[in-house]
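Enquirer: As a plain string of letters, each chain reads:
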Amino acid sequence: METTEPTPKSASRAPASSLDPLVLAGLLSPSVPSLNPADLPKDLGERFEVRGLLGQGGQGVVLAVRDRLLEREVAAKLPRRGGAAGADEHLAREAKLAAVLEHPSILPVYDLAEAPDGAPLLVMRRAPGRSLEDVLSAGERPRGVPTGAGAQLAGRSARLGVFLQLAGAISYAHSRGVLHLDLKPANVRVGDYGEVFVMDWGLARRLTDAAAPVGGTPPYMAPELLEGLAPDERADVYSLGVILYRMLAGGALPLENDPADFTLYRQALASGRAVGLAEREPSVDPDLAAVVDKACRFDRSRRYRKVRDLIADLEAALDGRAVTARRAAWPERAAKWVRRHGRALAFVAVAAVLAGVSLAFWWREQVRDAELAARTEANRRRALSRIPFDKGQELFLRRPPDLDGARKLFSQAIADDPGFADAWYARARTRPLPAQALEAIDDLHKAAELDPSLIMARFHAGKIYMERLKDTEAARAEFAAMRRVDAENEYSLLGEAWLCTLENRWDKALELAGFAARANPELDEVHSLRGYVFSAMHSTLRDPARAVAEYDAYLARCPDDVTALNNRGFNLKQLGRAAEAERDLDRALGLDPNYVYALDIRGSVRVDRGDLAGALADFNRALAINPGNSNYLLNRGGIYERMGRLDEAGNDYRSAARLAPENADPVRALAILELRSGGLEEAGRLFDRLLASGKFAGDNHLKRLRGYAAWFAGDRKTAEAAWRQGVRERPPGAKLYSALPLWRLLVASGRAAEASAMLAEAAADKREKPHLAAVARHCLGGADLAAALEGADSAPLFCETFYYLGVAASARGDAAAAAGWFQACRATGFPAYSEYDLAAMELGALPLAPEAPVGTAAGGAGAAEKAVSPGQTPASVPPPAPEKKP
Amino acid sequence: MPESRWTHARFATTAWTEVLAARGASTEQSARAIEELCRKYWKPAYAYLRRKGRSREEAADLVQDYFAAALEKGFFDGAERERGRFRTYMLATLNRFLYSHRPASRRARTTPIDMVPPDELNESARLARDIQGAASAEELYCREWARALVNAALVRLQEENRGTRRERYVQVFMAHIEPAAGGADGGPGAAASYSEIATRFNLSETDVTNYLHRGRRLYDEALRRELRNSVGSDREAEEELSELRRYLTG
Chain A
1 METTEPTPKS ASRAPASSLD PLVLAGLLSP SVPSLNPADL PKDLGERFEV
51 RGLLGQGGQG VVLAVRDRLL EREVAAKLPR RGGAAGADEH LAREAKLAAV
101 LEHPSILPVY DLAEAPDGAP LLVMRRAPGR SLEDVLSAGE RPRGVPTGAG
151 AQLAGRSARL GVFLQLAGAI SYAHSRGVLH LDLKPANVRV GDYGEVFVMD
201 WGLARRLTDA AAPVGGTPPY MAPELLEGLA PDERADVYSL GVILYRMLAG
251 GALPLENDPA DFTLYRQALA SGRAVGLAER EPSVDPDLAA VVDKACRFDR
301 SRRYRKVRDL IADLEAALDG RAVTARRAAW PERAAKWVRR HGRALAFVAV
351 AAVLAGVSLA FWWREQVRDA ELAARTEANR RRALSRIPFD KGQELFLRRP
401 PDLDGARKLF SQAIADDPGF ADAWYARART RPLPAQALEA IDDLHKAAEL
451 DPSLIMARFH AGKIYMERLK DTEAARAEFA AMRRVDAENE YSLLGEAWLC
501 TLENRWDKAL ELAGFAARAN PELDEVHSLR GYVFSAMHST LRDPARAVAE
551 YDAYLARCPD DVTALNNRGF NLKQLGRAAE AERDLDRALG LDPNYVYALD
601 IRGSVRVDRG DLAGALADFN RALAINPGNS NYLLNRGGIY ERMGRLDEAG
651 NDYRSAARLA PENADPVRAL AILELRSGGL EEAGRLFDRL LASGKFAGDN
701 HLKRLRGYAA WFAGDRKTAE AAWRQGVRER PPGAKLYSAL PLWRLLVASG
751 RAAEASAMLA EAAADKREKP HLAAVARHCL GGADLAAALE GADSAPLFCE
801 TFYYLGVAAS ARGDAAAAAG WFQACRATGF PAYSEYDLAA MELGALPLAP
851 EAPVGTAAGG AGAAEKAVSP GQTPASVPPP APEKKP
Chain B
887 MPESRWTHAR FATTAWTEVL AARGASTEQS ARAIEELCRK YWKPAYAYLR
937 RKGRSREEAA DLVQDYFAAA LEKGFFDGAE RERGRFRTYM LATLNRFLYS
987 HRPASRRART TPIDMVPPDE LNESARLARD IQGAASAEEL YCREWARALV
1037 NAALVRLQEE NRGTRRERYV QVFMAHIEPA AGGADGGPGA AASYSEIATR
1087 FNLSETDVTN YLHRGRRLYD EALRRELRNS VGSDREAEEE LSELRRYLTG
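Which chain is which? The protein sequence lines are A and B, in order.
Counting from 1, one number per residue, gives the positions in the first sequence under this note's numbering.
Counting from 887, one number per residue, gives the positions in the second sequence under this note's numbering.
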C-alpha cells in the first residue's frame, strides 16, 4: 500500500524523494565543468560581442569581448553559473575595489555592466602577454631573475624587475587600503617587454572590511587566514613571498607536498615543515634567501609588516647591504664586513662574535618550538569554537529567531576561544534590550577590542547608547570611532547619519541614509533612520505619513523593535489612526513595560478614547519611572480633572508648574480648574498672569473666561473690561461670544441703551455665526423664540444656543426661565464646550460634577482636535471646536 | 533589536573532516556534527540494507544500531587521514559493521538519541519500487544519496532565503521543479509550465524566466554548501557531483 513519504521536521518542503531521476540529475549539474569555446554565446546583450574564451577559474569565466559602443577590444568577466557561493557579490566587490586602484601594473576596470540574464559583468582591459604561472611551469625564469652563477653575486634590482613591479603594485594597493588576498602566478601577467599586470581582485577587500568572505588558493594563502583571523597587509606579503620563492627555486613551493586543497594545506602548516630557500637552491645568495624566508614565515608577526619593507630588504640584499631578515651567521657577516671595511679589522670582529653564536642558535630553536605549539593550539581552539558558532548563526537567522538558544551557543563559542571577536559580537546581538543593554555594550566593546575592523560592533553600541541609555556623548564617540576605521562602509554612513540627527542636520542625515541604502539595499536600518527623521518633534522634515511608511518597511523585517513600534504609534496618533496607534503601543509595552515614551503616548490615546482609568494607569507608571516630568504631571492632572478628582488634579498642575516654570501650560490648566471648582479669585489672578505676557497673552478664550471669573465673583468692572477687550480683539465672526455676556452685564447695570447699541453692532456683521446672530436678534427684541432657535441644528449648536438664551432670560430678570435654559444646555451633554460648564456655574452648582458619561458624539468631538505632541494633552480644558472658536 | 539580515554572516560550511581533525574536540561536539550528517543521509543506508535482503524492520533496526555504534565506537575518527568523502566512508564502515554485528532482538540503546526518528521509517511506494529494480545495493545507495543531497540542498535553499526578497525566486524555482500531485499511473505528474507558474504567482512569463534564472543560481549555491559538508575539498566536490550524476543517468 502506498504510504506517503515522511516530511522532515522543518517547515520547508523537500520533494526530492519524488522527483524524476533525470530532474534530479539536472539538479546535480550545477555547472558546466569546462566551458567549450563552441558553447560560448554570441553576445552579451547588444553592446558586447563575444570573441572567444580567455580563461576560467573557480569564480568566473573571462571572455574576450568587443565593446560595440566604444569600438574596442576588452575582457569581460562573468560569474560561473553554479560556481562558488556568492559569485555575484564577489564580482561586484571586485569591480568596486579595482575601480579605486590606478597603477601602471594594475589591470584597469572599465565598468560593471549587466548581462541579459541579470548576471553582473565586469568589463576590463585585456591583459597582454602570458601568465606568470605559465612562465614558471614552463621552467623558464622570467627575464631579470638571476640564475646559476649569477645568483651568487649581489644582483641589481632590475633583475628581479618582474617581482619588484608586482610588489610595487601591491604596495600601492595597500596604500589605498586594499588587500588583494589571492596573489598567485596565475593572477600575474607578464608582457613581452617585461611589463607586469596584477589581475583578479575577486577576493580583494578593504583593509577594514569585516564583511567580505575569506578565500584564497592553498599554497599562496597566508596561514592565519585559515585560522579565521582578519587579514592585513601581511597576508599579501606571504603570497608575494611564496611567488618569489618559486621564481628563485625553479618553480618549487616552500611546503614539502603540494597542498592542492585546504585540508592538506592546513595539515602541512600544522606540521610546520617548510624547506628554506637556501636548502633548495644553494646557489642563491644567503641574504636573498633570508629575505624570501622572512616573507614566507607562517607566523605573521615574524613576517615583513609591509610590502615596502620587503621591497627595501630585497633591494638591500641585491645591493650587498645588510638586510633585516636575519642576522647572518658569523662567517658570512665577517666576510661581508671584510669586503667593505678591509682586512685589518676582520679578525677582531670574528673573535667577538664567536662567543655568542651557539647560544643564539639554541634559543632560536626553543622559540620556534614554542611558536609552533602556540599556533597549533590557536588553530585547535578556533576550529572548536566554530562549531557552536555556526550553529548559533543558524538559530539566529531562523524566522522567528531563537535568540536564547543562539546566545547559549555563542557563549560556548566564547568559552572555547575567547579571542574570537565575531562570537562576542554575535552574542551581543542576541541580547534582549533593554534588559541586557549593559551586557550587550560590554560584549560589543570586547569584540571591537579584539578586532577593530568590526565596525558593526561600534554601530550597535552607538545605537544602544542613543536609544536605550540616552547617552548621546557615548553614542557620538562610537559613531566617530566607526568613521575613523572606515568612512565609506555603509554602516559607517549610517552611524554618521545618526550623528547628524543628534546634531539636527536632518537633510544631511537623509542624504547619508540614501548613500548607505544604495551601497546595500538590504539594510533595514535605513528605514528606521528615515522614520526617525520624519518623526522627531524638532525635525525640520517632520512628516507623519512618510514616517509611518518607513516604519512599516522596517517593522516588516524587525517586528520586535520597541523604538520603531513606539515611533510608528506616535505618528499614527498624529494622523488620527488611533486604534492602530494603540495596537503598536500595546505591542511595544508588551515587549518593554517600562518604555516610558510609549506609556505617555498610549496614555494620550486612551484619554481620547475615553478610557480614563487606563490612561491614568499609564501616566502613573510613567511618573513612577520619571517622577520629575512636568508634561506627564500635566496630562495626569487632566485625567484627574475629568474624573472629578479636582484636588489631585490641582496638585499635579501645581507640581508641573513648579517643575517647569518656563512652561505656561500647567498654569493655564490650573486657572481653568480653579474657575470650574469655584476658586474664582485665584482663577482671575491666574488668568491675568497668563494674559499679561508669554504664550497665552493674546488668547481670546482665556480673555472670555477671565470675564466670567470676574462676573461670578461679582466684580463687574473687571468683567466688563475683559469682555470689551474680547469684543475688540476677537476676530470677526467670533465677537458675539464676548458680546452676549457683555450685553447682559450692561443691561444688569442699567445701561440698556449702551447694551443694545453694542450688541447690534456686533451682530450686524454678516460673518457672525447664524445661531448666535439669531439669539442676538432675540435679545434685541427683534425675533421671537422660534426664530432664535432656527440657526441651531446639531448638539453643539444647541448647547451654545440654549446657554445664550439662558443669558438672555437672566438679563430680563426671569430666573426660572434662565434656569430652564441652562438645564437644557446641560442636557445636550456636550462637555467639550465651555458653555456646558458655564451653564452649571450659572445654576450655582459649584464645584462642577464629574464628567458625564461620554456619548460618541460628545466624546469624539471633544477629543483633542489639534495635533498633540507626546506629553501634552489639553484634556483638562474642553477645547473649543477649531472652526468655531479660534 | 536584531537585524533581519546579519550582514557579515558567513554561511560557513565546515567540512566534516575539519570537524574531526580538531583533535581533542569534545565528544559532544563530534557527536553533534555526526548527528547532523546522519540525519540527512540515513536513507541511503537504509535502502542499501533493504537491497541487501533485509526486511523493513531489520533494516530499520540495523540503521539505528549502526549510527549508535558509529558514535560510540568512533567509526569516523580515522577519517582525517584519508581523503574525505563521507558517502564512501559511511558505506565502508557500514559494511564493516554488518560483518561484525550480532544483533540481539530487544536491546537497550546505549546512546540516548535515536538517529532516525522511528516514525520516519516509512517506506514509500517509490522507494519500494527502486529497491526492487536496482541492479546492485551500491548503486541504489548512491542514488538515494543523491536524493538526500538534493533534499538537503532544497531545505537549505528555503531556510536561507526565508523572509528575504529572494524568497520569491526560490518559490518560483520550487514550483518549477516540483511535479504536480500524482500522474495517471501513480507516478509523479508533469512539472508546471511557465504560464501556469506565471498565473500562480501573478507574474509575467518573462519575469518567470528571470526568477528561474536567479532561483537556479541560489539553488546552486545551496547545493554547493550542502555538498561541501560531506566532502573534504573543492576538488572532491566536483568529483562527487559527477559520480552521483552518473548513477542517476547511467
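Calculated directly from the structure, the hints in this document are not laboratory data.
Ideal Cβ placement from N, Cα and C applies to all residues, glycine included.
There may be inaccurate statements among the hints.
[Stated by the list, open to error] Derived coverage of chain B by chain A (criterion: at least 3 residues anywhere in the stretch with Cβ under 8 Å from a Cβ of chain A; other residues may be distant):
id: 1; stretch: 1026-1037
id: 2; stretch: 1088-1101
id: 3; stretch: 1124-1131
Enquirer: Return the numbers of the hints above that this structure violates; sort them in rising order.
Expert: none
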